[in-house]
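First to last, the protein sequences are chains A and B. To convert a position in the first sequence, counted from 1, into our numbering, add 1. To convert a position in the second sequence, counted from 1, into our numbering, add 1.
Calculated from the structure, these hints are not laboratory results. You may find that some hints are simply not true.
Said to hold, decoys possible - Across the chosen pairs, the derived CB separations fall in these ranges:
(1) B:Asp23 to A:His122: 43 to 53 Å
(2) B:Pro140 to A:Arg45: 33 to 43 Å
(3) B:Thr102 to A:Asp58: 11 to 21 Å
(4) B:Arg49 to A:Asp56: 27 to 37 Å
(5) B:Ala108 to A:Gln98: 20 to 30 Å
Unchecked claim - Here are some of the chain A residues that sit facing chain B, going by a computed Cβ distance under 7 Å:
(6) Glu35
(7) Leu39
(8) Met110
(9) Ala112
(10) Arg119
(11) Leu124
(12) Ala127
Unchecked claim - Here are some chain B residues pointing at chain A (derived, C-beta under 7 Å):
(13) Arg45
(14) Arg49
(15) Ser82
(16) Ile86
Beta carbons: idealized from backbone N, C-alpha and C, even for Gly.
Protein chains: 2
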Amino acid sequence: MAELLVAPIDLQLLGLLELPSDLPERLSIAEAAEATGLTAHTLRYYERIGLVSVDRDESGYRSYDRHALTRIVFVTRLRASDMPIAAIGHYLDLVEQGPGTEPERLAIMQAHRATILRRLHDLQSALAVTDYKIAAYTPESGRSL
Amino acid sequence: MAELLVAPIDLQLLGLLELPSDLPERLSIAEAAEATGLTAHTLRYYERIGLVSVDRDESGYRSYDRHALTRIVFVTRLRASDMPIAAIGHYLDLVEQGPGTEPERLAIMQAHRATILRRLHDLQSALAVTDYKIAAYTPESGRSL
DNA sequence: GCTTGCCTTTGAGCGCACTCGAAGGCATAC
DNA sequence: GTATGCCTTCGAGTGCGCTCAAAGGCAAGC
Numbered sequence: 002m003a004e005l006l007v008a009p010i011d012l013q014l015l016g017l018l019e020l021p022s023d024l025p026e027r028l029s030i031a032e033a034a035e036a037t038g039l040t041a042h043t044l045r046y047y048e049r050i051g052l053v054s055v056d057r058d059e060s061g062y063r064s065y066d067r068h069a070l071t072r073i074v075f076v077t078r079l080r081a082s083d084m085p086i087a088a089i090g091h092y093l094d095l096v097e098q099g100p101g102t103e104p105e106r107l108a109i110m111q112a113h114r115a116t117i118l119r120r121l122h123d124l125q126s127a128l129a130v131t132d133y134k135i136a137a138y139t140p141e142s143g144r145s146l
Numbered sequence: 002m003a004e005l006l007v008a009p010i011d012l013q014l015l016g017l018l019e020l021p022s023d024l025p026e027r028l029s030i031a032e033a034a035e036a037t038g039l040t041a042h043t044l045r046y047y048e049r050i051g052l053v054s055v056d057r058d059e060s061g062y063r064s065y066d067r068h069a070l071t072r073i074v075f076v077t078r079l080r081a082s083d084m085p086i087a088a089i090g091h092y093l094d095l096v097e098q099g100p101g102t103e104p105e106r107l108a109i110m111q112a113h114r115a116t117i118l119r120r121l122h123d124l125q126s127a128l129a130v131t132d133y134k135i136a137a138y139t140p141e142s143g144r145s146l
């Protein structure tokens with residue numbers, strides 16, 4: 002099998018869920034893993050639980066096309082913001098169901114947006130505490146916790 | 002037993018790890034749970050795994066003083082930023098060991114700070130994707146994933 | 001034709017952070 | 001004195017998201 006030369010997916014493009022145009026049309030599972038930063042184990046797991054469906058080549062090997070890749074990248078973005086896998090699955094089921102489900106999809110994303118904003122706030126708060134501790138340890142300064 | 006009237010701890014004060022001055026000197030586990038937003042179960046768990054030590058009153062009931070409360074709040078801040086409990090425990094062990102461990106404590110906090118910044122970045126990225134989806138669903142607009 | 005390496009499926013196992021249940025003690029209310 | 005409600009300890013159970021192991025197939029290199 003050829004050397005793995007698939008570049009990890011660009012963060013900018015990721016934000017908009019467009020894949021780099023120089024990606025091969027079809028990737029093996031190892032290449033998909035390299036491109037997405039997931040492990041082959043995790044890619045199989047995501048397929049098994051129905052988050053994505055993946056073609057097979059003549060030998061029965063997985064063959065990831067752009068659609069599959071795009072979806073996986075989308076899933077990783079949602080996972081990176083701690084959306085539960087079940088919720089992601091539900092959303093993607095709605096996508097599969099097609100037209101008519103947009104209002105619910107919108108509601109899901111709006112709710113998730115609120116969750117992200119809460120998380121951002123919590124993290125800022127934790128960052129403040131951490132900086133406070135760092136400041137306390139950095140000069141010869143006073144009491145620690 | 003008296004009604005629970007302990008106010009949840011203020012977020013501003015939380016940031017700097019100072020408790021409101023109108024908190025009772027000693028809190029029952031139910032009051033501590035109310036003040037910190039944790040459950041009594043979780044408070045017992047944190048004590049059991051050595052994150053905090055808590056006094057007992059004459060009847061053997063837990064009695065949380067300001068020191069214990071402050072530490073618990075600190076732990077919740079670190080947990081809110083996903084610091085693993087084992088890492089928190091390690092840090093607090095260093096605190097218990099007292100002088101001489103400051104450099105390692107500083108290093109831990111600096112590493113944690115870097116982790117928080119990464120998380121913030123990831124969340125911003127996820128927020129962008131989420132907003133993108135929301136925008137796609139909100140007017141009568143085009144293709145969804 | 002055999003080794004090597006990547007692939008397949010299925011099912012089980014793991015680590016983390018809680019979360020709960022059982023069995024019983026204390027103290028106030030009646 | 002007994003019911004109520006909050007408390008105790010200890011050990012076990014849960015849910016999530018992977019992660020790994022076993023047993024075997026395919027295909028290129030020697």
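Hint check results:
1. B:Asp23 to A:His122: 43 to 53 Å: For A:His122 against B:Asp23, whose Cβ atoms are near 25 Å apart, the range 43 to 53 Å is violated.
2. B:Pro140 to A:Arg45: 33 to 43 Å: holds, 38 Å
3. B:Thr102 to A:Asp58: 11 to 21 Å: violated, 57 Å
4. B:Arg49 to A:Asp56: 27 to 37 Å: violated, 50 Å
5. B:Ala108 to A:Gln98: 20 to 30 Å: Once the Cβ atoms are compared, 51 Å apart, the range 20 to 30 Å for A:Gln98 and B:Ala108 is violated.
6. Glu35: This interface hint is violated because 19 Å lies over the 7 Å limit.
7. Leu39: Result: violated, 15 Å to nearest chain B Cβ.
8. Met110: holds, 5 Å
9. Ala112: This hint is violated: A:Ala112 lies away from chain B, its Cβ roughly 10 Å from the closest one there, beyond 7 Å.
10. Arg119: Since chain B brings no Cβ nearer than about 10 Å to A:Arg119, farther than 7 Å, the hint is violated.
11. Leu124: holds, 5 Å
12. Ala127: Holds: closest Cβ of chain B sits about 3 Å from A:Ala127, inside 7 Å.
13. Arg45: violated, 21 Å
14. Arg49: violated, 20 Å
15. Ser82: The hint holds - B:Ser82 has a Cβ within 7 Å of chain A, the shortest such distance being about 3 Å.
16. Ile86: violated, 15 Å
Hints 1, 3, 4, 5, 6, 7, 9, 10, 13, 14, 16 from the earlier list are contradicted by this structure; the remaining hints agree with it.
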